[in-house]
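Kindly produce the complete structure, drawing on both the sequences and the hints.
There are 2 protein chains.
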Amino acid sequence: MDPDPELMPHPHIPSFLQEIVDATKDLVCAYKPNLAFFEALGAGGMQTLLEGLRSVPAHIPVIADAKRGDIGNTARFYAKALFQHYKFDAATVNPYGGRDAVQPFLDYADRGVFVWCRSSNPGAADLQDLRLDDGGCVYEAVARRAREWNEHGNVGLVMGATWPEQLERVREICPDLPLLVPGVGSQQGELEAAVQSAMDERGEGFLINVSRGVLYAGSGDGYAAAARKAAQKLRGRINLMREAVLARR
Amino acid sequence: MDPDPELMPHPHIPSFLQEIVDATKDLVCAYKPNLAFFEALGAGGMQTLLEGLRSVPAHIPVIADAKRGDIGNTARFYAKALFQHYKFDAATVNPYGGRDAVQPFLDYADRGVFVWCRSSNPGAADLQDLRLDDGGCVYEAVARRAREWNEHGNVGLVMGATWPEQLERVREICPDLPLLVPGVGSQQGELEAAVQSAMDERGEGFLINVSRGVLYAGSGDGYAAAARKAAQKLRGRINLMREAVLARR
Numbered sequence: 001m002d003p004d005p006e007l008m009p010h011p012h013i014p015s016f017l018q019e020i021v022d023a024t025k026d027l028v029c030a031y032k033p034n035l036a037f038f039e040a041l042g043a044g045g046m047q048t049l050l051e052g053l054r055s056v057p058a059h060i061p062v063i064a065d066a067k068r069g070d071i072g073n074t075a076r077f078y079a080k081a082l083f084q085h086y087k088f089d090a091a092t093v094n095p096y097g098g099r100d101a102v103q104p105f106l107d108y109a110d111r112g113v114f115v116w117c118r119s120s121n122p123g124a125a126d127l128q129d130l131r132l133d134d135g136g137c138v139y140e141a142v143a144r145r146a147r148e149w150n151e152h153g154n155v156g157l158v159m160g161a162t163w164p165e166q167l168e169r170v171r172e173i174c175p176d177l178p179l180l181v182p183g184v185g186s187q188q189g190e191l192e193a194a195v196q197s198a199m200d201e202r203g204e205g206f207l208i209n210v211s212r213g214v215l216y217a218g219s220g221d222g223y224a225a226a227a228r229k230a231a232q233k234l235r236g237r238i239n240l241m242r243e244a245v246l247a248r249r
Numbered sequence: 001m002d003p004d005p006e007l008m009p010h011p012h013i014p015s016f017l018q019e020i021v022d023a024t025k026d027l028v029c030a031y032k033p034n035l036a037f038f039e040a041l042g043a044g045g046m047q048t049l050l051e052g053l054r055s056v057p058a059h060i061p062v063i064a065d066a067k068r069g070d071i072g073n074t075a076r077f078y079a080k081a082l083f084q085h086y087k088f089d090a091a092t093v094n095p096y097g098g099r100d101a102v103q104p105f106l107d108y109a110d111r112g113v114f115v116w117c118r119s120s121n122p123g124a125a126d127l128q129d130l131r132l133d134d135g136g137c138v139y140e141a142v143a144r145r146a147r148e149w150n151e152h153g154n155v156g157l158v159m160g161a162t163w164p165e166q167l168e169r170v171r172e173i174c175p176d177l178p179l180l181v182p183g184v185g186s187q188q189g190e191l192e193a194a195v196q197s198a199m200d201e202r203g204e205g206f207l208i209n210v211s212r213g214v215l216y217a218g219s220g221d222g223y224a225a226a227a228r229k230a231a232q233k234l235r236g237r238i239n240l241m242r243e244a245v246l247a248r249r
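Protein sequences, first through last, are from chains X and H.
Heads up: the first sequence begins at 1 in the working numbering, then just goes up one per residue.
Heads up: the second sequence begins at 1 in the working numbering, then just goes up one per residue.
Keep in mind the hints are simulated off the structure, nothing from the lab.
All of these numbers come straight from a predicted model, not from anything done at the bench.
Among the clues, some could well be false.
Just so you know, same-sequence chains aren't split out, so a pair can sit in one copy or run between any two.
[Said to hold, decoys possible] Below, simulated DSBU-like cross-link-like pairs (lysine-lysine); rule was C-alpha separation at most 35 Å, straight line: (1) K80 x K25; (2) K80 x K233; (3) K87 x K229; (4) K229 x K25; (5) K87 x K25; (6) K25 x K233; (7) K87 x K233.
Structure, rendered in structure tokens:
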């Protein structure tokens with residue numbers, strides 16, 4: 001859920017999101033609002049998000065894409081905002097501050113915490129791919145830390161879809177952690193490679209996130225139907241790939 | 001500005017912050033609201049912050065301590081929220097996403113961007129101190145990147161005060177970048193060491209941030225006077241140390 005006023009086919013954000021939810025709720029495993037897009041609306045932005053989420057059925061988890069991270073006491077307040085006040089089921093966090101920056105989120109044992117590990121943007125290499133003296137990369141060290149932080153069993157990783165070999169590497173390091181995989185674009189084959197690399201031994205443990213490809217699949221009045229069609233197609237391709245990989249094993 | 005309801009000597013946050021500002025505005029070089037504490041108040045939190053900032057004189061910059069960081073398009077919306085909507089003069093950002101995660105902030109050439117480099121919490125070592133194959137640490141690589149990102153001359157670094165040798169190292173790498181130095185506690189000598197390590201060649205280029213030591217210097221009705229006294233004392237110690245170091249050079 002990235003409501004960009006320049007791309008939105010409907011001028012009223014809560015109505016737009018509610019219609020997208022109504023059109024896709026039998027097809028998705030989660031919704032992931034990106035807080036930046038709501039904060040950019042100003043002081044009323046979070047209220048707008050809450051209204052937009054109103055039609056999400058209770059059994060579908062909502063993941064706050066917030067990438068929050070700060071030292072101890074501050075992190076405690078960020079976690080309180082996301083989990084206690086807004087009651088999100090899960091959140092993305094930034095690992096740069098280390099364990100005590102993530103711990104206040106982990107302490108909510110019934111919520112999910114997706115640690116940002118390797119992103120799909122060009123600049124990801126600047127820091128995440130730096131080579132360590134043990135021969136691995138920073139993002140691999142983050143994956144290892146996240147595994148250690150998983151005492152309550154509520155840790156996952158955010159892993160961009162663009163580089164399947166990195167997804168595979170992280171799946172090796174963390175065979176059991178759920179992977180949240182954004183960055184799947186329109187390119188044919190990208191989705192299939194991401195599914196193959198991200199799935200765990202049982203063919204599970206991954207969430208493929210598609211934002212613009214669903215939200216802005218259509219313009220004009222037909223946008224909700226177009227979103228549904230795009231989500232159906234993606235879901236079909238994900239399941240097909242999953243079954244093909246499982247059959248080959 | 002970290003309004004913690006459990007520590008606040010006044011129940012109304014905007015009034016509390018306004019009184020703190022009124023009591024300290026002739027003593028400080030900037031105010032730094034920490035957004036976590038306002039977000040934890042719920043959907044009205046940012047409005048509360050704006051009210052609390054109302055008495056900040058126009059010539060004193062306000063630094064949004066937000067530690068935001070996300071990939072390209074999302075970062076653009078975070079920057080829009082902080083710089084365009086809320087009109088903050090500067091913000092802290094998280095470097096984990098690399099250059100294109102920071103660029104949308106840098107593009108506001110008349111605003112300051114403090115890149116989170118090395119923090120003072122115990123967990124900082126988990127990631128920031130990882131040793132790279134070039135012999136340096138992750139945080140040193142971040143300092144080097146930040147120097148490269150400084151095309152508009154609006155980049156600074158956030159450097160915790162706890163480890164003066166790391167402050168010195170970063171000052172070596174970035175002789176010209178302003179350093180925002182939080183984490184100065186009540187321990188005698190800590191402030192002096194931080195000033196000595198953080199100041200540039202001309203004895204400038206650093207901001208010492210004290211949050212709780214000023215905000216919660218006193219309890220009960222005298223809290224504003226106590227905050228003023230604490231700020232006066234800190235300012236005196238900072239200036240004394242600065243002059244001592246300059247005299248020795």
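Hint by hint, here is what the structure shows:
Proximity of K80 to K25 under the C-alpha cut-off of 35 Å is found in both arrangements, the shortest distances being 27 Å within a copy and 31 Å between copies. In this homomeric assembly, K80 and K233 come within 35 Å of each other (Cα to Cα) only across copies, at 34 Å, whereas the closest approach inside a single copy is 37 Å. With identical chains, the CA atoms of K87 and K229 are at most 35 Å apart within one copy only, with a shortest distance of 30 Å there and 40 Å across copies. Taking identical chains as interchangeable, the C-alpha atoms of K229 and K25 lie at most 35 Å apart only when both belong to the same chain, with a minimum of 12 Å there against 58 Å between chains.
Taking CA atoms no more than 35 Å apart as the test, K87 paired with K25 passes inside one copy only; the shortest distance there is 19 Å, against 37 Å between copies. Taking CA atoms no more than 35 Å apart as the test, K25 paired with K233 passes inside one copy only; the shortest distance there is 14 Å, against 59 Å between copies. Taking the closest pair of Cα atoms, K87 and K233 come within 35 Å of each other only inside a single copy of the chain (31 Å); across copies the shortest separation is 42 Å, beyond that limit.
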